[in-house]
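Following the hints, complete the assembly by docking chains A and P onto the known chain W.
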Amino acid sequence: MTISIPSITLSNIGPLLTLTVAGLLLLLMDALTPKGKKGYFPYLSLIALVIAAVQTTMLWNRSGTDFARMIYVDNFAFFFYLIFLLATGLTILISIKYLEDYHRNLEEYYTLLIFATIGMMLMAAGGHLILIFLGLEILSIAIYILAGLFREDVKSNEAALKYLILGAFSSAFLLFGMAMLYGATGSLFLDDLAQAIKAGVGTNPLLLFGMGLLIVGFGFKVSSVPFHMWTPDVYEGAPTSVTAFMSVGTKAAAFAALVRIFFLVFPEIKMEWNMLLWGLAVATMTLGNVVAIAQTNIKRMLAYSSIAHAGYLLVALVAANQLGAISFLYYLVAYTLMNLGAFAIVILVARKKDDYINIYDYCGLGFQYPALAAAMSVFMFALAGIPPTAGFVGKFYVFSAAVEAGYIWLAIIGVMNSLISVFYYLRITVLMYMRPAEADLGPVTMTPAISSAVLVTAAGVLAIGVFPGPLYELALNSVKIFVGL
Amino acid sequence: MLISYLPILVYLIISIGLAVLIVALSEALGKKTHTAVKDLPYECGMVPISDARHRYAVKFYVITMFFLVFDIEAIFLYPWGVIFKPLGLFGLIEMGVFILILMVGLAYVWGKGALEWE
Amino acid sequence: MIEYVWLVPLVPILGFLFNGLLGKRVPKWLVSLVGCSVIGIPFLIVILIFREYLQLPADAKPVEVVVYNWISSGNFNALAAFLVDPLSLIMMLVVSGVSFIIHIYSVGYMHDDEGYPRYFSYLNLFVFAMLVLVSANNFLLMFVGWEGVGLCSYLLIGFWYEKQSASDAGKKAFVVNRIGDFGFLLGIFLIFWTFNTINFREVFSIAGTNFEVGSLVITAITLLLFVGATGKSAQLPLYVWLPDAMEGPTPVSALIHAATMVTAGVYMVARCSALYVLAPVSLTVVAIVGAATAILSASIGLAQNDIKRVLAYSTVSQLGYMFLACGVGAFVAGIFHLMTHAFFKALLFLGSGSVIHAMSGEQDMRHMGDLKKHLPITYWTFIMATLAIAGIFPFAGFFSKDEILYKSLVDGHILYWLIAAAAAFMTAFYMFRLIFMTFHGESRVDHEVLHHVHESPPVMTLPLIALAVLSTIGGFVGIPIIEGANVFHDFLAPAIAHVHRPEIHYPISFEVSMMVVSVIIALLGINTAYRMYIKRPELPQIVTEKIPLLYDLIYHKYYVDELYAATVVNPIKVGSDFLWKGVDEQVVDGAVNGSAGVIEWLSYHIRKLETGYVQNYALAILIGVFIIAGYYLGR
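Those protein sequence lines, which keep their order, are chains W, A and P.
Just so we're aligned: 406 in the working numbering is position 406 of the first sequence, and the numbers increase by one with no gaps anywhere.
Just so we're aligned: 23 in the working numbering is position 23 of the second sequence, and the numbers increase by one with no gaps anywhere.
Just so we're aligned: 9 in the working numbering is position 9 of the third sequence, and the numbers increase by one with no gaps anywhere.
Just chain W, with the same shape it has in the complex (with noise of 0.2 Å):
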């Protein structure tokens, strides 16, 4: 018997060796110093994080795959990579204060961040469907248990015990639908997978259940209506932080898979598909609106908006050409950078137990804080797609990507849906700057690491809402491999 060992480069998997080796340090260290003195945890994490994007930049432009076709080596996979480190890098920054207001600041929260983003990064690389899988659960397991960090609270009990229930129940059908994607072609490989259907089994029954299944367990992890049910509860449930984390990192993640997925290997049977998504992107985006209206808890105001932001990231996704790749990278880095700044301040202004999470509590924010407050609006205007902000260029690109692919309807949905974003968005700067305080929120202590966190995010907002080229020209590259499109 001969086996053949594949020939791989282990710099093409750098950014991944780095966290996993950083990841199992900080397990290691965790179990052997002595408590109370693990104030640098995060600022490790920190640094390999640092460490793998300086290594990504520094594999930009490899092209191909590795690992036995196992992971692709590209700029979509690198983009993506970014992405996630720049939130888990913010996320952090984020947490530090808060967790340690809940005396909750285990050293296991960074380690299992760190491990998400191996996951996340995997999903965004895989080459093979089971790999793609694995990836979604090593995500998976660790929101689980950071959902449920707060041990004692009955609300973070909760949203962690949903999580991990109806994310077991969406897996089965994603692992469903992969099986099923197997019987109609015989492989699991992407790259196989789209030669089968190049060669015609596109009209194959298995195929087309198969592909359903697959925009079931990712319409979960996106929340897409009628799958997001979970979402508003369990944003509300996790601590802040995490919540955060979830609805950027999770969401982008899904999505990179899905992406990947229907770009690479379903673009020849766009006719099969692109209905369907246009059913759950108009339904995702106008659930998602309107009922975050009534809505005066702002973790769950958010959660509503995070639905319709995939709605708009389906969007993108139905328009199926290049300009919706492109588009579709640029919202992801916009939506990462806004929700995270509206969280952080979220964090900033609820504080101790979350007193302090009603809209409500945002009356007169404008005078207490003027700083904070022009922070919230400069995020809530991002995130309602008003110029001159990130949110803006990327709606616009976007539904540009919609027109252009002939979805005429879709973009106007699309623009109605905004406009009513713009009521509950603007509600929360109206408050802040319209209203006498109703709480007396006391000293909000700003954190060098939290502050830093707010500027990034505000002034990448503006920055890439001002001057979207580069990051248009980056994405642009990240998109060529899909020449299907």
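A couple of the hints might just be wrong.
Stated by the list, open to error - In silico EDC-like pairs for lysine to aspartate or glutamate, Cα to Cα no more than 16 Å straight-line: (1) A:Lys112 - W:Asp30; (2) A:Lys112 - W:Glu108; (3) P:Lys24 - P:Glu162; (4) P:Lys61 - P:Asp490; (5) P:Lys28 - P:Asp112.
What the hints assert, rightly or not - Computed list of chain W residues with no C-beta within reach of chain A, every gap over 12 Å: (6) Thr9; (7) Leu27; (8) Tyr102; (9) Tyr182; (10) Ile269; (11) Thr296; (12) Val349; (13) Ile413; (14) Val415; (15) Arg427; (16) Leu431; (17) Val456; (18) Val466.
To be clear, the hints were calculated from the coordinates, so they are not data collected in a lab.
Here a beta-carbon is modelled for each residue, glycine too, at the ideal position from N, C-alpha and C.
Showing chains A and P alone in chain W's frame:
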């Protein structure tokens, strides 16, 4: 095109039908006698001392999970052992990394005191 | 200098940043200095650019200055680039000039306000957005400015946010404007879809060569753009926010809600004249909406007692005139009126601000009267502005208004002219009614207040004088009839498209007589006001003998003092009350609030689906699976 899946449907109907049929038949035809002793849960021939449904200490679950994790590690070693020679040095290094990662896990578990019973 | 045109919008934003970030920590004089000079500098730059532009050879015009490639996606390119052509130059001059004057005035008016730095930072931001709007070379950048001015308008209307009515008015303005913006945005989408570009000059040249007059898609585009214009420029049916917008500080009303922002719609229509001339249907719609707005709001203005509300309805009415001009193809006349209106309406608002300032915040004209001797400068400048708006020769408004009236007759329809003339009569009437009630007659001022009445400080009166000069002589750039004397028209002509219709030459005597008629109409309005508010008791006998025929008309309507209240004011008042309370507040506001209400209702009900039970959530997922399976089975 769906017609090709008809056999599966037939198979499903037959298997479910058969299961229902067997249970129903034994229920209908069998002779049943109930006594207090006969209805007791079986516990190695002993008279049960207390209710079976009481809560276990969480430690049991933790230990179970550790066992499962390290058990699976051991299972992975078997196929590797079978093809140790063809895999050669590459396989040795790969398995070394695998075991190392698990060792870190063990060290963590140990260091955190999860292995101590009290 | 032209290549530095980007400095024009850029400098105000520096003021915004300075006053917004540091305003509270630096002394007041520095805030004023920075706030005013960042507007004054662009004004000087525009003047320099203007001079340079005049000397450019014809083939070098117009100039496009590309700053950088702002957004590119696929074949779509939006440059941050500016277009320097006669139209944008005129607009930049008017905007920066009037803004500068109003900034200086604000130094005095807002002096004791706590939000002084905030006020100036918003105002600077507004000027930035407005200058971007008028100098952009493509639709998208224009839209950025468009949204920006909307935002500033919202912030400044609600500037005194502690007042419930002020923050409500801000919200109302914002919501109503969003409806218009939605149309505008759809128009831009349609433009890009049709032309594959959003650059003004490219769009217009493609439209001119590839599309026939009456083309359906052009008609759709122009109508959608016009929806945007009705929102921003307060036309039927979206004008309702403007009267409420008077809750903002008076200089803001002068700058944003009279002189500049509300004219953005007119500017946009004129800018897109090349598209509008291809769509006769749209032009007719523009003309009808303009005419209807002009007469309707003028009639509402007759019955208002709040000094600023009279001016607000008057603004709506004058904007209607501008659209009427555009609608009959006289875009130049529309822009001309835009400019003169900016002068005299800004002056009117600032003058009313001076009155309110002197009256310790009182805005109700019924509590004024006989202020002439207390506020001489305010009074005389106010008189000049009022003569201008009434269209009395040789004040600025005469030239522009007369041109609109004339064009609506010869290029439009006799009905347009009749409506416009009726509105002109009402304008003259209610403006002088305002003058008489405020400055003449018996003093109805509170004794307590009267004690404090004083003329405003020079920092407020000097801007009034400057604007008064402009309102008086500003019309002479557009002298009609004499060949070559209409400098304004000749300068603007290259930037404006012309409606293709057979040229009809009317004798000069006809044009002159029309002019006389328009002045007579204005004088009649003034006269009526005079009789009603000053000479009430001697009204019947004397005038009947002087102009028996015309007076007869008025006589039957306004005959007896006792009947005056019952026959004229009340019906109009009831009518305008009905329009105001019935149509405005019930129908128009109701529609706006109603659609928001429906969504809110939906929102509260859909969220009940969120039960909190995991099994229900799993069921939803399962239903999703069945829907997807059903979709594939069902095809």
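Hint check results:
1. A:Lys112 - W:Asp30: holds, 8 Å
2. A:Lys112 - W:Glu108: holds, 11 Å
3. P:Lys24 - P:Glu162: The given pair, whose Cα atoms are some 19 Å apart, is violated under the 16 Å limit.
4. P:Lys61 - P:Asp490: Roughly 15 Å separates the two Cα atoms, so the pair holds.
5. P:Lys28 - P:Asp112: holds, 10 Å
6. Thr9: holds, 14 Å
7. Leu27: Given that some Cβ of chain A is not farther than 12 Å from that of Leu27 (chain W), nearest at about 5 Å, it is violated.
8. Tyr102: Since the minimum Cβ distance to chain A is about 20 Å, Tyr102 (chain W) lies beyond 12 Å and the statement holds.
9. Tyr182: At roughly 17 Å from the nearest Cβ of chain A, Tyr182 (chain W) sits farther out than 12 Å, so the non-interface label holds.
10. Ile269: The assertion about Ile269 (chain W) holds, with a minimum of 15 Å to chain A.
11. Thr296: Holds, because the least Cβ-Cβ distance between Thr296 (chain W) and chain A comes to about 37 Å, which exceeds 12 Å.
12. Val349: The claim holds: Val349 (chain W) sits with its nearest Cβ about 34 Å from chain A, beyond 12 Å.
13. Ile413: Check passes; 33 Å lies beyond 12 Å.
14. Val415: holds, 40 Å
15. Arg427: Non-interface label on Arg427 (chain W) holds, nearest chain A Cβ at 45 Å vs cutoff 12 Å.
16. Leu431: The claim stands: Leu431 (chain W) keeps its Cβ more than 12 Å from every Cβ of chain A (closest is about 44 Å).
17. Val456: holds, 32 Å
18. Val466: holds, 45 Å
When each numbered hint is compared with the structure, violations occur for hints 3 and 7.
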